[in-house]
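Colleague: Put together the whole structure using the sequences plus the hints.
Quick note, the sequences are listed as chains X and H, same order.
Residues 1 to 158 in this note's numbering are what the first sequence lists, from first letter to last.
Residues 1 to 293 in this note's numbering are what the second sequence lists, from first letter to last.
Do not rely on the hints blindly, as some may be mistaken.
Claimed, not checked - Mimicking DMTMM-like on lysine to aspartate or glutamate, the simulated pairs with C-alpha atoms at most 25 Å apart in a straight line are: (1) Lys-38(H) / Glu-101(X); (2) Lys-126(X) / Asp-60(X); (3) Lys-5(H) / Glu-75(H); (4) Lys-5(H) / Glu-92(H); (5) Lys-38(H) / Asp-18(X); (6) Lys-84(H) / Asp-72(H); (7) Lys-5(H) / Asp-36(H); (8) Lys-107(X) / Asp-120(X); (9) Lys-5(H) / Glu-86(H); (10) Lys-126(X) / Asp-21(H); (11) Lys-5(H) / Asp-129(X); (12) Lys-38(H) / Glu-82(X); (13) Lys-126(X) / Glu-101(X); (14) Lys-5(H) / Asp-18(X); (15) Lys-38(H) / Asp-120(X); (16) Lys-84(H) / Asp-18(X).
As the list claims (entries may be wrong) - In silico contact screen, one side only, chain X against chain H (beta carbon under 8 Å); selected entries: (17) Leu-65; (18) Leu-67; (19) Asp-90; (20) Leu-121; (21) Leu-124; (22) Lys-126.
Since the hints were made in silico from the structure, they are not lab data.
C-beta atoms are modelled at their ideal positions from N, C-alpha and C, and glycine is treated no differently.
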Amino acid sequence: MPLNGDLGAISSTRLGHDLPSVACQAAMELDNLILGRNSSLRGVAELSNRLTEEVPDVPDLNSPLSLVDPSTVVALHGTLQEACITGPSDNITDLTRRAGEIVQRLKTVSADPQAARSADLEGLRKLKDFCLILSRRAAAASGDPEEARPPHPYRRQG
Amino acid sequence: MALDKLIQFFSARLATLNSFDASSDQGVVRQTCALDLKHQFTYLPLFGFILRSTNVRNAFEVFRPLLRLAGDIREPGVAKNARKTELVLSSEWDYSPFVYREMPELPGFVMIGIPSPESANPLLVPLAGHELGHSIWRKDTPSLQATWEPRIRMAVIAEIIARWAAFQAAFNLTMTQAQFLTNVGTMRATWFPSLSLAQRQVEETFCDFLGLCIFGWSYLEAFSYLLSPGQPSARPTTYPPMPDRIDNLITASGSYGVTPSPGYRDRFNPSAPSPCPRLRRCSLRSQTPHASA
Numbered sequence: 001m002p003l004n005g006d007l008g009a010i011s012s013t014r015l016g017h018d019l020p021s022v023a024c025q026a027a028m029e030l031d032n033l034i035l036g037r038n039s040s041l042r043g044v045a046e047l048s049n050r051l052t053e054e055v056p057d058v059p060d061l062n063s064p065l066s067l068v069d070p071s072t073v074v075a076l077h078g079t080l081q082e083a084c085i086t087g088p089s090d091n092i093t094d095l096t097r098r099a100g101e102i103v104q105r106l107k108t109v110s111a112d113p114q115a116a117r118s119a120d121l122e123g124l125r126k127l128k129d130f131c132l133i134l135s136r137r138a139a140a141a142s143g144d145p146e147e148a149r150p151p152h153p154y155r156r157q158g
Numbered sequence: 001m002a003l004d005k006l007i008q009f010f011s012a013r014l015a016t017l018n019s020f021d022a023s024s025d026q027g028v029v030r031q032t033c034a035l036d037l038k039h040q041f042t043y044l045p046l047f048g049f050i051l052r053s054t055n056v057r058n059a060f061e062v063f064r065p066l067l068r069l070a071g072d073i074r075e076p077g078v079a080k081n082a083r084k085t086e087l088v089l090s091s092e093w094d095y096s097p098f099v100y101r102e103m104p105e106l107p108g109f110v111m112i113g114i115p116s117p118e119s120a121n122p123l124l125v126p127l128a129g130h131e132l133g134h135s136i137w138r139k140d141t142p143s144l145q146a147t148w149e150p151r152i153r154m155a156v157i158a159e160i161i162a163r164w165a166a167f168q169a170a171f172n173l174t175m176t177q178a179q180f181l182t183n184v185g186t187m188r189a190t191w192f193p194s195l196s197l198a199q200r201q202v203e204e205t206f207c208d209f210l211g212l213c214i215f216g217w218s219y220l221e222a223f224s225y226l227l228s229p230g231q232p233s234a235r236p237t238t239y240p241p242m243p244d245r246i247d248n249l250i251t252a253s254g255s256y257g258v259t260p261s262p263g264y265r266d267r268f269n270p271s272a273p274s275p276c277p278r279l280r281r282c283s284l285r286s287q288t289p290h291a292s293a
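Modeller: Here it is in structure tokens:
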């Protein structure tokens with residue numbers, strides 16, 4: 001049984017099912033930073049924390065380490081390929097290594113946004129694109145494999 | 001309170017949308033709009049659910065006991081006056097009870113829907129035990145979901161390895177087992193749906209066990225009242241097949257000191273219809289009838 005904790009405030013934010021929103025928020029914050037607008041980067045920091053937790057450094061997919069929400073791994077894999085951040089590798093160790101690099105970049109930006117903007121504007125744009133693609137991929141991967149309950153036989157959704 | 005939180009949430013979303021201008025990245029704008037559209041689909045039914053919670057058709061007399069129970073389960077050891085669990089008990093013209101699981105914007109809220117036509121039926125109360133299970137499955141860190149995830153994943157992989165030749169043929173794979181174990185692309189393309197379904201089935205099994213643990217014999221009778229003999233059409237594969245659910249409940253009854261009524265298993269069909277062809281490929285159902293996890 002789960003132990004008592006800060007009810008709810010932690011649970012939802014630490015799980016991957018709302019990753020699309022967090023990644024999109026991070027993309028928006030990075031866009032604001034690129035445009036020179038003052039904006040909090042809490043979403044960027046939260047995304048780096050989430051990826052750290054949900055994509056642990058596992059040696060293989062049979063690892064007893066929890067992936068928390070495996071759909072995050074699936075979404076991240078597609079994102080890295082679409083964003084051309086990595087070569088066409090399907091290997092889990094490559095994935096976790098790349099995830100670690102992304103996390104580090106997100107942390108660097110959230111720790112000192114203006115320094116990051118001055119140092120590498122193009123890098124910020126790539127990071128924003130990564131967050132945006134991750135949001136899209138995570139939204140696509142988070143759907144149920146099947147509807148929770150069968151639809152009413154005579155009801156059709158618009 | 002739930003309505004207040006939803007109003008806060010949508011006000012914040014509106015502020016975000018209003019902050020965009022012509023210089024904003026159009027991809028970010030579009031994705032934000034897409035997610036907010038999804039939020040409309042996700043949260044709008046909740047407004048109706050909350051509205052119906054005030055309907056006099058609801059069994060208000062069970063509200064306090066269910067709230068106490070939800071608090072006992074979600075916050076064991078916390079003084080009653082310090083608990084943060086909130087319960088919304090509502091109704092729907094739906095055949096079976098249901099729950100809105102841990103909504104991201106409504107942390108701490110347990111939202112249980114009871115079928116309106118059965119509002120006077122006390123057998124609906126034990127079934128709420130199952131719905132409470134859903135509300136704690138994802139709660140806390142590590143959650144039950146995160147704790148069980150590796151065991152479920154390894155069980156799925158073991159099942160694939162045990163039938164490696166059939167798996168290779170089904171998905172036209174040429175890789176070795178060692179390559180398979182490190183390949184995320186194959187996971188994504190082939191067995192991720194099986195893993196997702198297995199996780200959902202384990203969650204449902206946990207919820208059955210929690211209902212049984214809390215309500216004992218009453219849960220078995222309520223389950224039978226509502227669901228026997230089982231539906232004639234293909235089952236939703238997010239649930240274990242009904243015969244497996246019954247076998248699991250009977251097995252767990254032994255652990256909980258519950259004695260099922262004589263002939264309990266016979267109230268249900270001995271076999272379940274096969275899942276639809278689209279999902280048959282994802283089925284890793286082994287020869288052993290009981291949930292091994």
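Colleague: Please go over all the hints and tell whether each is borne out by the structure.
Modeller: Each hint tested on the structure:
no. : hint                    : verdict
1   : Lys-38(H) / Glu-101(X)  : violated, 31 Å
2   : Lys-126(X) / Asp-60(X)  : violated, 28 Å
3   : Lys-5(H) / Glu-75(H)    : holds, 21 Å
4   : Lys-5(H) / Glu-92(H)    : holds, 22 Å
5   : Lys-38(H) / Asp-18(X)   : holds, 12 Å
6   : Lys-84(H) / Asp-72(H)   : holds, 11 Å
7   : Lys-5(H) / Asp-36(H)    : holds, 16 Å
8   : Lys-107(X) / Asp-120(X) : holds, 15 Å
9   : Lys-5(H) / Glu-86(H)    : holds, 12 Å
10  : Lys-126(X) / Asp-21(H)  : holds, 21 Å
11  : Lys-5(H) / Asp-129(X)   : violated, 31 Å
12  : Lys-38(H) / Glu-82(X)   : holds, 23 Å
13  : Lys-126(X) / Glu-101(X) : holds, 13 Å
14  : Lys-5(H) / Asp-18(X)    : holds, 17 Å
15  : Lys-38(H) / Asp-120(X)  : violated, 34 Å
16  : Lys-84(H) / Asp-18(X)   : holds, 22 Å
17  : Leu-65                  : holds, 7 Å
18  : Leu-67                  : holds, 6 Å
19  : Asp-90                  : holds, 3 Å
20  : Leu-121                 : violated, 14 Å
21  : Leu-124                 : violated, 12 Å
22  : Lys-126                 : violated, 13 Å
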